[in-house]
Each structure stands twice: as structure tokens, then as C-alpha cells.
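J.: Chain by chain, the residues:
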Amino acid sequence: MNSPDHSALLHKTRSLADVSPDVGSGSYDAVFLVGGQGPMYTFASDDRVHELVRTFYESGKVTAVVCHATCVLLKARLSTGELLVTGKTWTGFANTEEDYADAYVGQRIQPFRIEVEAKKLTGTNFIVAGRFKTHAVRDGLLVTGQQQYSATAAARLVIEAIGV
Amino acid sequence: MSADLNVVNPNSPKRILMVASNPAISEQTAGRLDSGGENFPTPTGSLPRVDIRSTSSARTEVTSKPIRGATRGTKADTPQMTSSASGS
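Just so you know, the sequences run in chain order A and B.
Throughout the first sequence, residue numbering follows the numbering used here, covering -5 to 158 in sequence.
Throughout the second sequence, residue numbering follows the numbering used here, covering 82 to 169 in sequence.
Okay, chain B solo, but in the shape it has when bound:
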């Protein structure tokens, strides 16, 4: 369910705990997978009508400069990143 990585910096090493979901061993899903998922929460509601279109690459940026206590990735004061937008 989890792994830890060292962010290596010779002068200031950091340790970050990375937590990933593993339904195969999670106590939340234990036994449910074998039942074909019948014990999972049932999604409700009808599917929305969605027009799926191909999406082009998106050029976006990110910043951590505080904006009245909060920041969001819309400023250009840090190196820019390019993200390809496609379906999950």
C-alpha cells in the first residue's frame, strides 16, 4: 500500500512517504473483489450525456507563490510544464 522514497540532496536529504491504493490488500475491499464487486457501493444516477471529443495538448503552468493564503497553478513564475490532455 505504500512506499517511501528519499529525495536525494547531499546537503539536505528528505524523506517522503508515498501512499498508494492497493484494492487487492486493502481492508476496505478485502473479500469484495472475490464476490465480483457486489458488495461495493452502488453508483447511482443515470449517465450524463457527454460529447467526447479529442483534446489537444494543454500548456499550463504552476506556482507556489501565495495568493492571499492560497495558491493555484496559473502563474508563470516557475518553470513551465507541458501536459498532454487525454482520457484517463
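For reference, chain A alone in the conformation it holds in the complex:
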């Protein structure tokens, strides 16, 4: 980060449990789940992360998810029980990109693939662009980015959406 003030924030990150009260009080304008490989193990089945996403979305807040963090959208449900992505167009890490990464390291990295699982869902429109091409989608309050090269594009959509 270029800003010393913002960089300093990274030295005092808080756990998800610690930020939950602030989320409930509505003190944030948006949530942005960054990617990396880890979310496939840490986010995918963590109900607290699903709840966090649901809370923001149902509070009318911009909800942004990028790269492998989009795995949360495979399971995150609204309070109605309906998947948050029902009726939505969204994107996430593509099969072609998983293929590339797996071949690069010589082994399968992830326990499942987002594109494969997303296309099993009914009533949602999961789309991907070419391999490692910048691709960000906004559908209402939901902003998604395909992979690491889409984070800036997703951030732009968030900024536009929250009206900075």
C-alpha cells in the first residue's frame, strides 16, 4: 500500500469475531472479501463468513467478493433460505485458471472448483471471461471479480456503487 495510514491498518487486523459487533451496528458501508488460495479452505464452509456476507447484503450494503473468495457465494444464503446469488450474474475463479495453476505446480491445488460448483446451481448466472483476463461484474449490490487480475476492477465498481 502506498498510503502509510492504510498500511498501518494491516498491522492491527482483527478477527472476524472481533469485527462482528461493528458489522451489526452498521458502521461499514461495504464489505470486500479478497481472494488468494486460502478461502477455499477457510471461507467455503465457515458459517460465520456466510453470515457476514448475508448481513451486509441484506442491510443494503455493497458486497464484493473476488477470486477464490467467491466460493462463499456457493453457500451463502439470505434469511429467506434462498442462495444469495439466485437471480444474480456473477463471476469467480475459472476452470481454465485452475487448470493452469494445477499444471504449473504439478498437482491439483484446490479441493473443488468454483466454476464447476456454480454451474450446478439453478437460477443463477455464473460467467467467466478468458483465462486471467480482468473481469469484474456488478449486479445490484453484489460485485464479483474473477481472479487476482480483477481486484482493481472490482474495487472500481465498489467505489462507484457506494458513491464515494
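Rather than coming from a laboratory, the hints here were simulated on the basis of the structure.
Accuracy of the hints is not assured; some may be wrong.
Claimed, not checked - With a straight-line Cα cutoff of 25 Å, these simulated SDA-like cross-link-like pairs (lysine to any residue) come out:
(1) A:Lys114 x A:Arg42
(2) A:Lys82 x A:Asp12
(3) B:Lys95 x A:Asp23
(4) A:Lys69 x B:Ala101
(5) B:Lys95 x A:Ala155
(6) A:Lys114 x A:Tyr94
(7) B:Lys95 x A:Gly18
Claimed, not checked - Cβ pair distances, simulated, as ranges:
(8) A:Thr74 x B:Asn92: 29 to 39 Å
(9) A:Ser73 x B:Ile106: 25 to 35 Å
(10) B:Ser93 x A:Gly124: 16 to 26 Å
(11) B:Ser93 x A:Glu111: 34 to 44 Å
(12) B:Asn92 x A:Ser1: 19 to 29 Å
(13) A:Thr90 x B:Asn92: 38 to 48 Å
(14) B:Ser93 x A:Asp41: 27 to 37 Å
(15) A:Ala2 x B:Glu108: 26 to 36 Å
(16) A:Asp16 x B:Asn103: 12 to 22 Å
(17) B:Arg96 x A:Asn(-4): 16 to 26 Å
(18) A:Gly124 x B:Asn92: 36 to 46 Å
(19) A:Gln101 x B:Arg96: 38 to 48 Å
The C-beta atom is built at its ideal place from N, Cα and C for all residues, glycine as well.
Chain A is already provided as a structure; the job is to place chain B on it using the hints.
T.: Using the frame of chain A, we list chain B on its own:
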């Protein structure tokens, strides 16, 4: 696992919660790292045959203009972005 940033605008400051994965402290992976990962879900299936080729830079664009309720990054009504395409 998370940090918060202020999107600074003197007239309209915004707060965005940024959530990042940290397997070292996640309850989903706690204890699993010490076991050498043997408790992680086991990836299944054989590796696909992939022809890895070098990729060139990709010039792409993004927009938020609604397209029948959805938008995707293919229009050119916002500042263009350049992305270098390479392996993850």
C-alpha cells in the same frame, strides 16, 4: 483475518470492511496445518492435460453501467485498465 480501511473523501468518508483468509488462525483449518494437511479435503480426479504457454499482456476494460440488471467488464465507458496476464 480482517482489516478495515477508510476510503478517504473529505466530504463523504466511507468505511469498507476487508476480509482476508488466514489459514493460520482460521477455525476451519486450526490444527490441520500441524498435521501436514492430512485432514484437509482431498482433491479428487486426475490432472487435466494443460498446454502452458506464455501469455501476453491483456488490455481490458470495466464498466458498471447496468445491462438488464447485470453488468460485466466489457464496456469502455469508464477509464481503461491494463492487466498483465500471467500465472498465479
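J.: Each of the hints needs a verdict: does it hold here or not?
T.: Hint-by-hint comparison with the structure:
1. Restraint check: the Cα-Cα separation between A:Lys114 and A:Arg42 comes to about 24 Å, which is no more than 25 Å; the hinted pair holds.
2. A hinted pair counts as satisfied when its Cα atoms are at most 25 Å apart, and A:Lys82 with A:Asp12 does not qualify at roughly 30 Å.
3. A C-alpha spacing of about 6 Å is found between B:Lys95 and A:Asp23, which places the hinted pair at or below 25 Å, so the restraint holds.
4. Taking the CA atoms of A:Lys69 and B:Ala101, the gap is about 18 Å. The hint holds against a cut of 25 Å.
5. For the hint linking B:Lys95 to A:Ala155, the alpha-carbon distance of about 12 Å falls within 25 Å, and the restraint holds.
6. For the given pair, A:Lys114 sits about 22 Å from A:Tyr94 by alpha-carbon distance, which is consistent with the 25 Å threshold.
7. Pair hint B:Lys95 plus A:Gly18 holds up; C-alpha atoms about 16 Å apart against a cutoff of 25 Å.
8. The given range of 29 to 39 Å is respected by A:Thr74 and B:Asn92, whose C-beta atoms sit roughly 37 Å from each other.
9. For A:Ser73 and B:Ile106, the hinted distance range of 25 to 35 Å is satisfied, since their beta carbons lie about 28 Å from each other.
10. The hinted window of 16 to 26 Å between B:Ser93 and A:Gly124 is violated, with their beta carbons roughly 36 Å apart.
11. Here the CB-CB span from B:Ser93 to A:Glu111 is close to 38 Å, well matched to the stated 34 to 44 Å.
12. The hinted range of 19 to 29 Å is satisfied by B:Asn92 and A:Ser1, whose Cβ atoms lie roughly 24 Å apart.
13. At about 43 Å, the CB distance of A:Thr90 to B:Asn92 agrees with the hint of 38 to 48 Å.
14. Between B:Ser93 and A:Asp41 the beta carbons are some 34 Å apart, a value that agrees with the proposed interval 27 to 37 Å.
15. For A:Ala2 and B:Glu108, the hinted distance range of 26 to 36 Å is satisfied, since their beta carbons lie about 27 Å from each other.
16. For A:Asp16 paired with B:Asn103, a C-beta distance near 18 Å keeps the hint of 12 to 22 Å intact.
17. Between B:Arg96 and A:Asn(-4) the Cβ separation comes to about 19 Å, which falls inside the hinted range of 16 to 26 Å.
18. The hinted window of 36 to 46 Å between A:Gly124 and B:Asn92 holds, with their beta carbons roughly 39 Å apart.
19. Range check, A:Gln101 to B:Arg96: about 40 Å between beta-carbon atoms, so the 38 to 48 Å window is met.
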